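Letter by letter, the chains look like this.
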Amino acid sequence: MLLPIRIITRRKKHLNERAMSLVEILIALIIGATAFFPIIKLFQEGIKDSIHSSSWTQAREVAKNNIDIVLALPFGNITRGDNLITDKNSAALFPRVEKIKGVDYKVSCKVHDLVPLCSIYTSNRSGGGVTNHYCISSKLKGITVTVKWQGVGRELDYSLVTFKSDLTEGTKSDIWQWGFPQYH
Amino acid sequence: MITTFTIKKAIDKRSGFVLPLVVVFLGSFFTMATIFYLFNLNQRPVVDILDRSAFADYIASGMAEILKLKVKEFPEEFRDTMKLIEFMQKQNQKPWDNIYLSYAGSGNEAPYTYFFQDFVIKKSAFNQGASDAWASDSLVGGKPAEAWEAHWNHMLHYLLTDETAQYGAGHDFKDNAAFKAHFKTLLAKYNVLVNLRDVRRDHIGLTQTAGGAEEYIGDIITFSFESQYRDQQNHRTKRSHVVTFNHTRKFTN
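Heads up: the protein sequence lines correspond to chains X and G, in order.
For the first sequence, the positions run 10 to 193 when our numbering is used.
For the second sequence, the positions run 699 to 951 when our numbering is used.
No wet-lab data here; the hints were simulated from the structure.
Mixed in with the good hints there might be a few duds.
If you anchor each label on the Cβ, the simulated ranges turn out as follows [to be verified]: (1) 790(G) - 109(X): 14 to 24 Å; (2) 109(X) - 799(G): 22 to 32 Å; (3) 104(X) - 785(G): 22 to 32 Å; (4) 947(G) - 96(X): 23 to 33 Å; (5) 746(G) - 133(X): 31 to 41 Å; (6) 774(G) - 91(X): 17 to 27 Å; (7) 88(X) - 834(G): 41 to 51 Å; (8) 944(G) - 96(X): 35 to 45 Å; (9) 791(G) - 89(X): 42 to 52 Å.
Sample of chain X residues facing chain G (criterion: CB under 8 Å; computed from the structure) [as the list claims (entries may be wrong)]: (10) 47; (11) 48; (12) 95; (13) 106; (14) 109; (15) 111; (16) 113; (17) 126; (18) 144; (19) 145; (20) 151; (21) 153; (22) 184; (23) 188; (24) 192.
Predicted, not measured: the structure shown is a model, and the values here were computed from it.
Ideal placement from N, C-alpha and C gives every residue a C-beta, glycine not left out.
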């Protein structure tokens, strides 16, 4: 069956029109994918960062809260060692888990009994002076509160360190001399 | 057929304007996204800086506790030192300049430097290299000097000495050595340095002559600390910490 001349003419016209080949489509897809890669990564990183920032902020606040709880305790309750601190009812404060927005923040506390060394200058009436070094024992604790939690793909931790001193009246037996006096 | 033809015609007409608009919009969008991705402009540095500032806050308040203890145990020596410092300040001299520079055996040592020089990083003979490198922001091993090193050396060798150091044998330094190892790791992690910057007696309590044989007098003392650490752009940044101490001291009439 012969086709009408009009249809043949139209088909020829279509053949002359520029069309997209498979290669062109593939190139366009590759360019598109390359362009979208940073976008996808950006969203991915954005979500990761959001989780990261939120969890670190929470962990920091948990650490601050817990170290403030420890600092508010009487000096005698801040027991040397790992997680040995007790509250006024003699209940252990650590380790503890605080659950915030579905994340478990594991809080622990380490206490070191410290002996600071202090240099003291005393002048005498002849215009000279003497420097002595003294160690102060049983009156200073180093407190470290550590918060651990499960981050994206790995366990993260944040620590705060501070010191607490016993400022009640002590005895001179807690202070001992280090080295020899230096006369000036 | 008529409709398709009309739309096609309309697109052809406007494509000269729409196409560049779409290209510019998408191009800038993708470029911005690439810049953000490649230069890692995200929230992590902000989190890091907040971690460091909180760490510095507690180190500064902790150092204030050690200083409070020293003032409490040696009130006469503190008073003598403050009298000298206050006298010098009234004469427009700068006693703190020498306190910052003094360390054992240095020419800057003076009667008023001993009480506070333990709380200033640029102090110890053990510490000169690291503290000078930090102060001048010079490169150590091809990278900027680390703050923690100066701090750690100071705390390690002097303020929290132990039985392995000079004159240490035979004494009980309790957890000093263990704490220093623990502290070093944390200081290196957050790279924070805390220095004492100023001490003021805001109020000096007066004795009540009509009182008993022993009385307690309250002095109000202000300690100012300054912490330094690196910010998001790896520049050094400072933070001030002011601690007030209501020092109750015993006075014998």
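Which numbered hints turn out to be false for this structure?
1, 2, 3, 5, 6, 8, 12, 13, 14, 15, 16 and 24
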